[in-house]
Amino acid sequence: MSSVAVEARGLWKGYGEGERRVEVLRGFSLTVEQGELVAVVGPSGVGKSTLLYLLGLLDKPDAGEVWLFGQKVSELSPQERAGLRNRKLGFVFQAHLLLADFTVEENVAMPLLLRGERKAKALARAQELLAQVGIAHRRGHFPHELSGGEQQRAALARALACEPQLLLLDEPTGNLDTQAAERVFGLLLELVLNRALTGVIVTHNEALARRCHRVVHLGPSGETPC
Amino acid sequence: MRALAFILGRYLLGLSRRTHVAVVSAISLVALGLGAMALVLTLSLLEGFQATIRRELREAGPHAVLLPKSGDKLPPGPWLERLASVHPELVFRRLERGSGWVVAYGEAIPVLLEVVPGLAAVEVDRVLAARGALGVGAEVALLSPAPVLSPLGPVPRRLSARVARVVPAPARAEKGTVRVPEPLGRELLPQGGREEVQVFCSPGVDPRVATARLGPLPEGVALRSFSELHRPLLAALALERLLIGLGVSLILLVAALNLLCNLTMLAAEKRADTAILQAMGWPAGQVATLFRALGLAMGGLAGLGGTLLGWALATVLDRTRAIPLPKGVFAASHVPFHPTLPSLFLVLGVTVLAAYAAALLPARAAAQRGLLEGLRGE
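Protein chains in written order, with the numbering used here: chain C, 1 to 226; chain Y, 1001 to 1378.
Because the hints were derived from the structure by calculation, they are not lab data.
Note that the coordinates shown come from a computational prediction; the quantities given were computed from them, not determined experimentally.
Take the hints with a grain of salt, since some may be wrong.
[Unchecked claim] With beta-carbon atoms standing in for the labels, derived distance ranges: (1) C/Gly70 / Y/Val1023: 32 to 42 Å; (2) Y/Thr1289 / C/His213: 33 to 43 Å; (3) C/Gly83 / Y/Ala1051: 54 to 64 Å; (4) C/Gly83 / Y/Val1316: 54 to 64 Å; (5) C/Thr178 / Y/Gly1009: 35 to 45 Å.
Glycine included, every Cβ here is placed at the ideal spot set by N, Cα and C.
Chain C with its partners taken away, still in its complex shape:
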């Protein structure tokens, strides 16, 4: 069995039409081994988040292919992509994107509920994860009652709820101050490495990026692996 978890082959992606069209990714390729944590760094607007959305099956490339765990996924139907996202992928975004109408515990349990798990079981799993990210005491609170760091911890716990094989993180510490960012990133590394998860993390913070297994620089002229 191949040890390649993620493979992007010649990805092209642009936005807009005619003269206003902007090509963000031009034939980008990337391979991530299983259990590897890759950081993608680069200035704003070079397509870091776009790359993450393509790998996370949230968007389709204009050209090129995406393979996840040996399966070509870039041409799956929306229904199949949704199923795959729920079973194999976990996301953490720069803005935590927690659901405001639900408690922290319910937010973390949500991927399991969407999968059809019973509520009691999903909530029990959410409590475990909240304990692991250190905010078990905040489980009954609503997202707006949490600090930025706590919100991002909750988002991390939610991403891990379905025991994903691939974790995709888009500027997970982008909205946090230096100390909080350090704490959240440390926790993230610990959780990912302990679980031997595959991860792709997009960040501006080169110091944090260097703590990953590999750093990929994405610039206007394309990729520069380090």
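Once you have looked at the hints, place chain Y on chain C.
Same frame as chain C, now just chain Y:
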């Protein structure tokens, strides 16, 4: 399905928060509820007045009439007695009809003459009483079209009688009616009049149902049922109810459009939520279902509240006779409200349907909105 119900319930609870969208949602709910209440009150009012009119129709005249299919005479034989024995809930009254005049205060008024076997004294209906200023005890001259020979030639047969009773007139009667005992009738109509049998139902029996079951009738006898006797009026009442009901339903239409705007705003407000739910693997179809279900739930809540409130208000207004009517002008002493179960279900159904229809567009828009738009828009 479990997740859908969970999210739906929480979104509905979320509407109690004091956000702009929640305030608009509250207005939409109140508008839908008020629309449902107005419709219940209107239908109850119409049903109240129409029940009064139907009761008047029932009290004022026969509930069905048996007529000869051709000619003036009903077939001979004991068929009427047999019919009476089969239908103990009905009363059959045979009579003959003809035309004549009543002379009162020097004026000859054309009237219908009814020869009623078993009647003891002369009765006039309210139409004639009003036209001829007649009351109980008034002396009248009855003129028959059958002439008698006199030294001056043929003159109308003329008999005097005293009015013993004033009875209700049939609905929409234009001509007055005089009901006379059989001996007097034989003198006025020596050739006999057109025979008919009037059918009356016992109290508590619906004339439309009872007379529809009448039969089998002998050869040569035709039935004019309660509905046929009053067809124009009953059709006008039904049309009135339909058109006024449709008119008041426009309130619901406006409320549904308001709900459409509200759900569109709600879908925009929740676009990050729906995007993250989709990122977690929820299919876009479920997002559409969520917003359709929201419309359905809001319509159900508002419809149920409005319908119950309308029913309660109609019942209280009717029981307390809160809105009196001038005596002598209307048949009823107060504005009657009769909420019926079918009309309550109809209003609830229409409200829920309107809300569901209002949710279709926002639901479609929410499902079709780009996932990334929601994720990046936060």
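Hint-by-hint comparison with the structure:
{"no.": "1", "hint": "C/Gly70 / Y/Val1023: 32 to 42 Å", "result": "52 Å, violated"}
{"no.": "2", "hint": "Y/Thr1289 / C/His213: 33 to 43 Å", "result": "42 Å, holds"}
{"no.": "3", "hint": "C/Gly83 / Y/Ala1051: 54 to 64 Å", "result": "59 Å, holds"}
{"no.": "4", "hint": "C/Gly83 / Y/Val1316: 54 to 64 Å", "result": "56 Å, holds"}
{"no.": "5", "hint": "C/Thr178 / Y/Gly1009: 35 to 45 Å", "result": "41 Å, holds"}
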